[in-house]
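**Student:** Starting from the given sequences, assemble the full structure and let the hints guide the process.
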Amino acid sequence: MNRDDYRILSKRFGTRDGHKLPVYEAQGGYGALRRALGESDPATVTETVKASGLRGRGGAGFPAGVKWGFVPKDAETVYFMVNADESEPGTFKDRFLLDYDPHAVIEGAAISSYAVNACLCVIYIRGEFGWLVDRVQTAVDEAYAAGYLGRDILGSGYGLDMIVHKGAGAYICGEETGLINSVTGRKGQPLIKPPFPAVSGFLGKPTIVNNVETVAAVPWILNEGAQAWIDLGTEKSTGTKLFSVSGPVRNPGVHEIPMGLAFRDFFNDWLGGMAEGEELKAVIMGGSSVPVLTAEEAMNTRLDYESLQEAGTMLGSGGMIVIPARCDMVELIQVLMHFYWDESCGQCTPCREGTGWLHRIVRKLRRGEGTLEDIDLLGRVCEGMAGLTICPLADAAVMPMESFLQRFRPEFEALVHEGRPERPDSRWAREIRS
Amino acid sequence: MVKLTIDGREMEFAEGTSLFDACREARGEALPHFCYHPDLPIAGVCRLCQVEIEGMPKLTIACNTTVRDGMVVHTRSERVRKAARQILEMHLINHPVDCPICDQAGECGLQDQYMEYGLYESSVEKDEKVHKAKAQVIGPHVILDKERCVLCSRCVRFCDHVTGTSELGIFNRGDRAEIGIAPGKDLNNPYSLNTVDICPVGALTSRDFRFKKRVWLLKGTPSVCPGCATGCNVRIDHEADRIYRLKPLYNAEVNGRWMCDRGRLEYRQVHAESRLTEPLVADGDERHAVEWPELWERLASLDRGGLAVASPGQTLEELVLFARLGAVLCGEGKVCGGPTEAGRGEGDDLLISGDRTPNRRSLAWLGLEEPAGADLVARAGGTVIVYGGDPVAEAPGFAEAAAHGTLVYLGTHRNATCEAARIVVPMSAWAEKDGIFANKAGRLQAVRRAVARPGEAREDWRFLADWLGRVTDEPQPAGLPELRRLVSETVPDVAGVDLNALPATGAVPVPAGSGGEA
Amino acid sequence: MSHEKGTGDMNPVAENETGFELSAEDRAAFEAIVARYPTKRSALMPTLWLIQDRHGYIPDEAVTWAADRLEVSEAKVRELISFYFMYRDTPQAKYVLQVCHNISCHIMGARPLLAHLEKRLGIRVGETTPDGMFALEGAECLGACGMGPCMLVGKHLYEHLTPEKIDAILDSMRRGEPLPADTDRDLEA
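Same order as they appear, the protein sequences are chains W, X and E.
Just so we're aligned, residue 0 is where the first sequence starts under numbering that gives the first Met the number 0, counting upward by one.
Just so we're aligned, residue 0 is where the second sequence starts under numbering that gives the first Met the number 0, counting upward by one.
Just so we're aligned, residue 0 is where the third sequence starts under numbering that gives the first Met the number 0, counting upward by one.
Note that these hints are calculated values from the structure, not bench results.
One should not assume that every hint holds.
Stated by the list, open to error - Pairs of lysine to any residue, SDA-like flavour, derived with a Cα cap of 25 Å: (1) Lys-125(X) / Glu-368(W); (2) Lys-204(W) / Asp-159(X); (3) Lys-184(X) / Asp-59(E); (4) Lys-246(X) / Ala-500(X).
**Tutor:** Listed below in structure tokens is the structure:
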């Protein structure tokens, strides 16, 4: 397998000047936009993307072309938003795309906006990306200057404005309705559905939100055709996927792979296996909000939506966290439960109270003050959260929690039996602003 | 129409009906809920009203669902009950155990839900609970306890969408989230106490009512606020002849579910120190209390002719009798209301009327004009009988003009007119009698007696009928029902309405001649 | 008798009354923001960033000013500041060191790194040095997990941190050197 065959989205990764417009254009950039506006129409663009089977790359995996089709055909005002709020622990592929290839994102977003007849595209970038937000703004300015954005783009009659909207530190803004709500100048709290954003979203108008990686794939799909994308993956998981890999492997970083690649091959050939002195214990495949797999389970699965679902987890955002044997699983779940407690927007009761409760119980166990009932209580709390909330953040907390309990219960019980008091963790945990 | 099945019952509802309402009808009681409120936009945050809809993998909140043909809904299945219990437990894990000192006890959503779905052993130690600020005054009328708050957001939605004043916000994330106001700001819109009504728990409570009475000791009497011509329907909550608070009563035609703060605190006037409790007469410059026989002597000795001034704060029945009395004692055409400037203020586009009196409409129906202050002064002379109101304060020169003759005041409180009067008769406040007001739209609504009159204060209509009987020798109504029939006969504008059988939400008479009520 | 409707927060306030003013440059930027966004309220977040970038935090007078200009109540502006962790309503240290303590950075050694920082700075996580130079905070995932442990300072991300690198960074900051430009990376052409 020649890895360079799969450098589609990652073609310009690691280059010094790939983010600059002249370089992008020289490599064929904005050709797809030109052709889409000049020779095609929104419906055809949508059909192509639908046919390609491109699934949302933010985590939900919903077919992009199908989502675009939900916009009412007679809608006068439509909005398109790019979800660059990447905050899922273990995930950093969108950072790479925005860093090394912002124009691919801009071109893809413009084409996608055209497909749904949007008049305004908002790129919502998390504030912590700092200097990167400025880079994307510069790229948008370049695109405007070159006539790829604004009124009557390339003489097509289609006009699109693009705003780079800087987030200010809230994971929940990565949820599409939370993102929309944030753009309106409110807290990024998810909205109840119905209404569904494609029908009534930003300012009550049809709104489509797509992940950075999803839109970045669109120019290539239009250039090479839907079939070419399909050929790269499996039947239900077409194309390539950017996996963000972290943990003590030899080659961490963002790797673009064909969907369906066996994890074993990916781990050995691409990641180079574990770093010196490290042993594989567990793998979180798709960002922290999915169930963890043991090393054995991981080695027996393939990297695509269906296979990972069969294995009892999810592909999610493709944020792969490799957990070495030296790690205490209860310590790791405390880190994660702290995260969800920190990030719960607080709107709906099961998540607001449940995330805090889970964190408190795990912390109690780690202090050596927990009981076996507390371990059972963790499961009960999870039951009182999953499936009962406005958005999936509660489920995102529950899935790792339940899977850690299910696969590594002896480590929890050891804390109870051995009564090992741990150092209080508030010394290193972020103080919550009051 | 849409056909669906709820808890095994096939039912029909109009298209667009909320599943929450449909379930309420099917069950005879509402689904458990905190954040849902019929007058506020849907929030869907408390997660308590979740029901099972066949074909949907997850439970669904009923408040944000519209009925659909063929829906099969289960509201009492084991799965639904379990979820309600789990979610209730989530609401309670950080809730302080304040019941013994919390005003909301007895009318608390958490207590009610707990009795219905809870009754379990808590899995949280008290010292593990998240702590927040308590007993924070956030406005002239409202006090906030952040720990008790279940973050249903009703109060925020009320200030955003009903009053449009947006004083309240929810700050911070997660379980640090708390209701609050911006520093240096106040929850001071004129409807702030409605947030206390809609708060399902004891997070927002009334400063006026704080620690005064346990709610289960209160009896509620439906009545009408006398504060302005809107006539918001209220419930007088009282115990042992003392009123402790007013609550709005729902009337879709008048006030919906709200009332203004000023009206809400109107009850305080009933128990004011300045209440008149005894008949008073003046001898020279001195005034002293008298027994009834002496008062009647004084009244009998009044010269005929003069002016009778009626206040639009009196009931329809009282005004009918007073108009008759005034005609007899002072002369035909010598009865009026006024002055016209009295009881006026700034209204808004919500509930507050610029007319600060509850029954000005009745004056119009009785043909009693309201002259301007100066005009009223000009007509004052001879025996001037003032019934309610305070023309001495409102019409400069009135006291001096009336001083030439005899000023008689029938009223409830010591005021300027009372101080200038030579004869004072103590009357009943609105909460101490039965009577009818006509609001700004002509809607007839009844006030009802909730508490006893203080001291020697008389039931107004009986006193007026008594006096009328003495000066006309005509038989007077023996009871209120008979009086109301008399009113129907003598006031053409209310002819078609059975005043003894007013619906709870009142009645608007159709114009005279068409018959029947609107 | 007159009756005043409770004004809550909706009283318009003249700019000089709040005591808060934008510089000419910022005023132009603000106008551009408002022109770009479809509603006044939707311009709130970029406006708060404009203010914070200039002042290092969002002063109380700025909250009143922004509420007035963008026609929302002060409560709503404060909601945003309290909800989004990056907005600060009190003056900040010169260098706010935000060290990721989420799972990947944790696996790669964030905890000992934080302990090292605490020792070097003489403060604990959540505190500021007495000279107001450094504040140490734990942060959730910064989206650079494969390059951890990571630390965000202002707009700049430090990656692959070690105690030695930390020492060098702190020394550089103490010398008042500007933070490295992010284009200074070893990249292929």
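**Student:** Going back to the hint list, which numbers does this structure go against?
**Tutor:** Those not satisfied: there are none.
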